[in-house]
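Chemist: Each chain is listed here by its residues.
Number of protein chains: 2
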Amino acid sequence: MFVLQLVGYHDSGKTTLAEYLVRELQKRGFVVGYVKHDPKGKGVTDKEGSDTARVKPFTLKTALVSPDTFTLWYKRGLSLKEALKFFEDCDAVIVEGFKEEKGYPKVVVGDLPADEAILRVKSRRDYPKVLEFLLSSLEGGTRY
Amino acid sequence: MFVLQLVGYHDSGKTTLAEYLVRELQKRGFVVGYVKHDPKGKGVTDKEGSDTARVKPFTLKTALVSPDTFTLWYKRGLSLKEALKFFEDCDAVIVEGFKEEKGYPKVVVGDLPADEAILRVKSRRDYPKVLEFLLSSLEGGTRY
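Just so you know, the protein sequences line up as chains A and B, in that order. Residue numbers 1 to 144, in my numbering, belong to the letters of the first sequence in order. Residue numbers 1 to 144, in my numbering, belong to the letters of the second sequence in order.
Be aware that a few hints might be false.
Pairs involving identical chains hold if they fit within one copy or between any two copies, as the list cannot separate such chains.
As the list claims (entries may be wrong) - With a Cα cut of at most 30 angstroms, we get these calculated DSS-like pairs of lysine-lysine:
no.	residue 1	residue 2
1	Lys-42	Lys-102
2	Lys-75	Lys-122
3	Lys-81	Lys-102
4	Lys-47	Lys-122
5	Lys-81	Lys-122
6	Lys-27	Lys-56
7	Lys-85	Lys-42
Read the hints as simulated data drawn from the structure, not as lab findings.
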């Protein structure tokens with residue numbers, strides 16, 4: 001599993017880059033994961049009044065088993081490392097956010113100051129070089 | 001991990017029983033899980049246009065890491081057995097649906113014919129006996 005983090009200010013275009021990378025990797029046959037940090041808890045991942053929404057308040061874990069998708073809600077604030085344990089069957093995981101996290105290569109989108117970044121993306125013209133880095137890391141067998 | 005299945009026709013009250021059981025178990029300090037079968041894929045577990053909804057089509061797994069909840073979408077049609085692997089840290093798991101599944105005790109809600117059922121629930125007055133069965137199974141150490 002190769003991990004690449006995309007960091008940057010709010011609305012800097014991290015998700016658009018993530019979409020591009022994940023799509024390009026999938027096209028090439030890689031099994032891909034995506035982890036998004038939602039530090040303010042704004043994400044809405046269940047429908048109000050659904051069966052799972054009714055029962056979930058009393059569980060540690062709740063799952064919905066649909067024909068093509070398994071959805072799991074785990075009532076814990078996980079670290080990135082803990083979250084990545086669920087992705088061990090992926091070739092590459094694109095992580096959006098978690099800019100304070102150490103240990104994984106980081107691409108900076110926009111103007112965020114970041115000394116550690118391996119690449120900085122200013123516009124869509126920079127996307128292919130990020131993909132190239134990812135592909136060469138995957139070929140090189142770098143793993144986390 | 002003790003597993004109890006609730007089976008019955010659509011709208012027979014399975015979720016209301018699940019809610020009761022999970023709440024009562026949680027009150028008593030048990031760590032509880034809930035698995036709901038969604039055989040027709042009607043469940044909505046992401047918000048249209050969200051970042052995860054945009055990237056998810058190209059991934060095997062996508063996660064949203066919020067302060068108190070970790071949500072995972074896994075693009076596979078899992079069996080109940082595969083789904084339950086995610087619940088190994090729970091004391092008890094209430095499973096709603098999967099009536100064809102073999103191997104776990106089943107409570108029938110309403111009129112569904114089911115020879116295998118250990119209990120049948122016709123109204124709310126029957127709820128405490130289901131809870132009692134669960135508590136004695138948990139005390140007895142029955143595990144799956």
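Chemist: Look at each hint and say if it fits the structure.
Modeler: Here's how the hints hold up against the structure:
1. Lys-42 to Lys-102: Within one copy only: 24 angstroms inside, 40 angstroms across.
2. Lys-75 to Lys-122: neither (36 angstroms within a copy, 32 angstroms between copies)
3. Lys-81 to Lys-102: within (10 angstroms within a copy, 36 angstroms between copies)
4. Lys-47 to Lys-122: between (36 angstroms within a copy, 28 angstroms between copies)
5. Lys-81 to Lys-122: The answer is within: 28 angstroms in one copy meets 30 angstroms, while 46 angstroms across copies does not.
6. Lys-27 to Lys-56: between (36 angstroms within a copy, 14 angstroms between copies)
7. Lys-85 to Lys-42: Both ways: Lys-85 and Lys-42 sit 23 angstroms apart in one copy and 28 angstroms across, limit 30 angstroms.
In the structure shown, a violation is registered for the earlier hint numbered 2 alone.
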